[in-house]
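All chains should be built: construct the whole structure from the sequences, respecting the hints.
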Amino acid sequence: MVTPDPAAPATDPAAPAASAPAAATVAALRASVEAGLAPEAREWLTAALADAAAGTPGPSAGLLAWEAHFAAARRRAGAGAADAVRVLILHAARADEQVATRVYDRGDAAERRAVLRALPHLGLGPGAVPLIEDALRTNDTRLVAAALGPYAAEHLGDHAWRQAVLKCLFTGVPADEIAGLADRAAGDGELARMLDDYARERTAAGRAVPADLDRILALTRKEV
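Residue numbers for the sequence shown follow our numbering, so the first one is 161 and each next one is one higher.
If you are wondering where the hints come from, they were derived from the structure by calculation, not from laboratory data.
Across the chosen pairs, the derived CB separations fall in these ranges:
1. R362 x A207: 50 to 60 angstroms
2. R381 x S192: 33 to 43 angstroms
3. A368 x A221: 47 to 57 angstroms
4. P286 x V369: 27 to 37 angstroms
5. R235 x S192: 17 to 27 angstroms
6. R367 x A221: 50 to 60 angstroms
7. A371 x L223: 42 to 52 angstroms
8. T216 x G240: 23 to 33 angstroms
9. G196 x D343: 26 to 36 angstroms
10. A232 x V369: 39 to 49 angstroms
11. A210 x G366: 51 to 61 angstroms
These numbers were taken from a predicted model, which means no experiment stands behind them. From the three backbone atoms N, C-alpha and C, an ideal C-beta is built for every residue, glycine too.
So, in structure tokens, the structure goes:
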């Protein structure tokens with residue numbers, strides 16, 4: 161059960177950039193995060209990443225030190241940096257699909273969002289797609305936006321991806337949050353049909369058609 165975060169906006173300045181290669185992006189992300197932290201928080205982050213890389217045992221049986229750091233990120237680094245810090249910790253820990261799933265399943269909404277944002281940087285195959293699908297079933301727009309990053313662009317199936325695009329339209333998640341939108345929408349006749357149907361339904365009900373719909377529809381008409 162996802163802990164709701166209803167007041168949260170879809171966009172988040174703490175979200176890591178996703179277009180660069182993972183290693184370069186993570187290095188740049190760490191530099192950016194450290195530049196905004198107080199000295200004490202930087203020292204904590206350095207220790208947390210070292211523990212993650214080393215697999216240091218945690219304070220209780222069955223818990224690694226980095227997992228405790230992951231949970232404490234907001235308190236130790238601040239709300240604005242917490243997502244990015246958690247991405248760095250998961251990357252340093254070399255989290256695989258099983259670990260990412262465990263952390264996601266037991267996390268609150270903010271921790272789940274960080275797992276979703278970390279996926280493109282972990283070198284995982286399609287085994288983490290269920291996490292994307294779970295996030296897309298929620299009405300938390302920040303989870304939905306985080307789910308539609310580069311990992312989903314690469315691994316989410318066509319039907320689920322089209323449904324996710326529609327969900328963004330009716331929940332108000334900006335189309336700019338959908339990684340790889342132009343490439344995946346190009347020449348997608350089925351998506352075009354779904355968008356047309358949705359626009360007609362909105363118009364018939366006397367409701368405004370989302371501004372992003374025409375933009376996405378235009379993308380479907382481009383040749384692959």
